[in-house]
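Protein chains: 2
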Amino acid sequence: MREIRPEDLDNISRGAAILGTGGGGDPYIGRLTAEAALRQFGPVRLMDLDEIGDDALAVAVAMVGSPTVFLEKPPTLQQIASAPRLLASHLGRELTHLICAEVGGVNSLIPMAAAAVLGLPLVNADGMGRAFPKIGMSIPAMNGIRANPLALADEKGNHSIVLPISNAWAERITRSTAVDLGCAIIVSTSAMSGQQAREFMVPATLSLCSELGSALEQARAGKSDPVAAVVEKLGGTRLFTGKVIDVSRRTESGFTLGEVRLAALDTGLGSEMVLRFQNEYLVAELDDAVAATTPDLICTLDTATGNAITVERLRFGQRLSVISAPADPRWHSADAISLVGPRSFGYDIDPVRA
Amino acid sequence: MREIRPEDLDNISRGAAILGTGGGGDPYIGRLTAEAALRQFGPVRLMDLDEIGDDALAVAVAMVGSPTVFLEKPPTLQQIASAPRLLASHLGRELTHLICAEVGGVNSLIPMAAAAVLGLPLVNADGMGRAFPKIGMSIPAMNGIRANPLALADEKGNHSIVLPISNAWAERITRSTAVDLGCAIIVSTSAMSGQQAREFMVPATLSLCSELGSALEQARAGKSDPVAAVVEKLGGTRLFTGKVIDVSRRTESGFTLGEVRLAALDTGLGSEMVLRFQNEYLVAELDDAVAATTPDLICTLDTATGNAITVERLRFGQRLSVISAPADPRWHSADAISLVGPRSFGYDIDPVRA
Chain A
3 MREIRPEDLD NISRGAAILG TGGGGDPYIG RLTAEAALRQ FGPVRLMDLD EIGDDALAVA
63 VAMVGSPTVF LEKPPTLQQI ASAPRLLASH LGRELTHLIC AEVGGVNSLI PMAAAAVLGL
123 PLVNADGMGR AFPKIGMSIP AMNGIRANPL ALADEKGNHS IVLPISNAWA ERITRSTAVD
183 LGCAIIVSTS AMSGQQAREF MVPATLSLCS ELGSALEQAR AGKSDPVAAV VEKLGGTRLF
243 TGKVIDVSRR TESGFTLGEV RLAALDTGLG SEMVLRFQNE YLVAELDDAV AATTPDLICT
303 LDTATGNAIT VERLRFGQRL SVISAPADPR WHSADAISLV GPRSFGYDID PVRA
Chain B
3 MREIRPEDLD NISRGAAILG TGGGGDPYIG RLTAEAALRQ FGPVRLMDLD EIGDDALAVA
63 VAMVGSPTVF LEKPPTLQQI ASAPRLLASH LGRELTHLIC AEVGGVNSLI PMAAAAVLGL
123 PLVNADGMGR AFPKIGMSIP AMNGIRANPL ALADEKGNHS IVLPISNAWA ERITRSTAVD
183 LGCAIIVSTS AMSGQQAREF MVPATLSLCS ELGSALEQAR AGKSDPVAAV VEKLGGTRLF
243 TGKVIDVSRR TESGFTLGEV RLAALDTGLG SEMVLRFQNE YLVAELDDAV AATTPDLICT
303 LDTATGNAIT VERLRFGQRL SVISAPADPR WHSADAISLV GPRSFGYDID PVRA
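Chains as they are written, first to last, in my numbering: chain A, 3 to 356; chain B, 3 to 356.
It is possible that part of the hints are untrue.
Pairwise CB distance ranges, derived in the manner of DEER restraints [to be verified]:
(1) B:Arg174 x A:Leu73: 18 to 26 Å
(2) A:Lys158 x B:Leu93: 21 to 29 Å
(3) B:Lys75 x A:Val276: 43 to 51 Å
(4) B:His334 x A:Glu314: 23 to 31 Å
(5) B:Arg174 x A:Asp248: 40 to 48 Å
(6) B:Arg251 x A:Gly184: 29 to 37 Å
(7) B:Ile167 x A:Ser168: 54 to 62 Å
(8) A:Ser346 x B:Arg251: 39 to 47 Å
(9) B:Ile167 x A:Ser255: 21 to 29 Å
(10) A:Arg355 x B:Leu93: 50 to 58 Å
(11) B:Arg251 x A:Leu73: 40 to 48 Å
(12) B:Ala336 x A:Ser346: 52 to 60 Å
(13) B:Ala336 x A:Gly121: 42 to 50 Å
Treat the hints as calculated values from the structure; they're not laboratory data.
These numbers come from a predicted model, not from an experiment.
Think of the CB as a built atom: it goes at the ideal place given N, C-alpha and C, for glycine as much as any other residue.
Sequences and hints are given; from them, build the entire structure.
Here it is in structure tokens:
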């Protein structure tokens, strides 16, 4: 795929929902926004990492805030384009490429809308290869790409350029400004050169979204198992097939925390699974043994359709398949584990690889 | 006074406390900070409005946050200088002068510290001729000088450039960022040309501070009445002399709200006075009749020494004199009254001029 057109968005957003590992924000609004931008401004050129010049200036664009508010107050195209424009103007340089901070969920689609409005190519890569909840939780951030400067925009026309001393401060200032400005802002940051993008981004993840979506489509058309198609595409494992028997969810400092409990429908894989989440799924326990953990991907798919079911859509009685898939190998370094391993989220267990 | 030296600060800060009309933050920390800056970087040149070139770039510097926190965590000189530097760099212009957003309280002294560190002249003027609690409550703001761009700095090295759509949004974003960054930040904004400064600033208010301080000193040395000396200097009125019999103070959304009740010691001026405050004194009632209101100045002075007593230092049994003094005449326009008149603070009364 060399160009993204409105008709590609179904597959991309289905794939992005899977890579969101339960979180990342439902891609629905991102999809509508990207579609509006593509229809108005034309297709977006998707560029592989090895096509980008060393001296490119690539910046990430993402929504920060509450996905629920985004449903009520979708971002405007003006807002989506103004954050990267402001960042480039602060840097005093010309923007050449847009990148996705995370491929999972809504933030795989927001940069596409920005690329359409700005008439710039989008890089076929992202900073996580999945979704994680904080600004500093990306492979570029781990390698010294800072969330400074960080430009933000609300839908009313308010803007800021934040110059934080650390990614933790970037997170803190951005979160509270997001609340101030109505819980749905667009952020642009993580400026990097083409060379840095090649070194630090997870390659080919937007085309992977598209391939996941089309694998689902083909499986359904051919009456084969859509969950198996996803597992194969991701090189993953089917951990469990069951029925939701309990969901416990609470909102704490802007995060959705809790767990979902599933009873087996396919006894061959154990009798009960518990998934613990903090926006994203982080730990999967099968009959009291840990079966998979962050940083690897844990996803819940509707067993019949293979579509991802996000944490906020979990409901009693749903028939789900739980799959795991390996994260980018760089997420398994000691530094990465201390940043996004189970203990960094408060689970006193060692990581279990998918 | 053409230069400000450390030995001038006693009088200036005494005068600034009076013009703070009960609020504006105790000048104590501002005084220590300005003194440190003057000792390290040398004296600051004080420039009258008519000495400033038309094409000057003058910017205000002020603390925003909780004066109580400033006592525990005084601003660093680095922090005070970096906010106006960042503002100038965002504007892409060279800074030529520093100005005081408000003359009352701590913010008459912070710009002096900035001027010393940056080696720039300070303008002998301010935007209010007193203290008011919000960014938009200044004569320049009333005349279209916007708090956009607004640069802010904390003591750790975090910075932001805020580009709000209105002064109300500037206030909101700045307040919550101040809370985030530890309740004591330095803000620089209200960039104006020399021509605008001449047109919109209240002239000669820093030299007035100094004159008030020296009038107090002379009165005390000559055993004459220091309160009378202040009243004369301000062209004001002594409203009451009494003893504090009740103070009610509460903190609400970052403001100190309440009232103080005084019983007469000098029955010639009535028997009881109530002062209502929201950071600053806004309404003075004498035996149930309104005696003075915002925008005119209402100040409480220690009857024996003539020193200003701020709202946060009010205590049962204090012997105080209450004085009023006329605000800059521009504060009495219809627009100004709707911005800072009694009704804008929730008191359903007409303004009563001092």
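A quick look at each hint next to the structure:
no., hint, result
1, B:Arg174 x A:Leu73: 18 to 26 Å, "holds, 24 Å"
2, A:Lys158 x B:Leu93: 21 to 29 Å, "holds, 23 Å"
3, B:Lys75 x A:Val276: 43 to 51 Å, "holds, 45 Å"
4, B:His334 x A:Glu314: 23 to 31 Å, "violated, 55 Å"
5, B:Arg174 x A:Asp248: 40 to 48 Å, "holds, 41 Å"
6, B:Arg251 x A:Gly184: 29 to 37 Å, "holds, 32 Å"
7, B:Ile167 x A:Ser168: 54 to 62 Å, "violated, 29 Å"
8, A:Ser346 x B:Arg251: 39 to 47 Å, "holds, 44 Å"
9, B:Ile167 x A:Ser255: 21 to 29 Å, "holds, 28 Å"
10, A:Arg355 x B:Leu93: 50 to 58 Å, "holds, 52 Å"
11, B:Arg251 x A:Leu73: 40 to 48 Å, "holds, 43 Å"
12, B:Ala336 x A:Ser346: 52 to 60 Å, "holds, 59 Å"
13, B:Ala336 x A:Gly121: 42 to 50 Å, "holds, 49 Å"
Checked against the numbered hints above, the structure violates hints 4 and 7; every other hint is satisfied.
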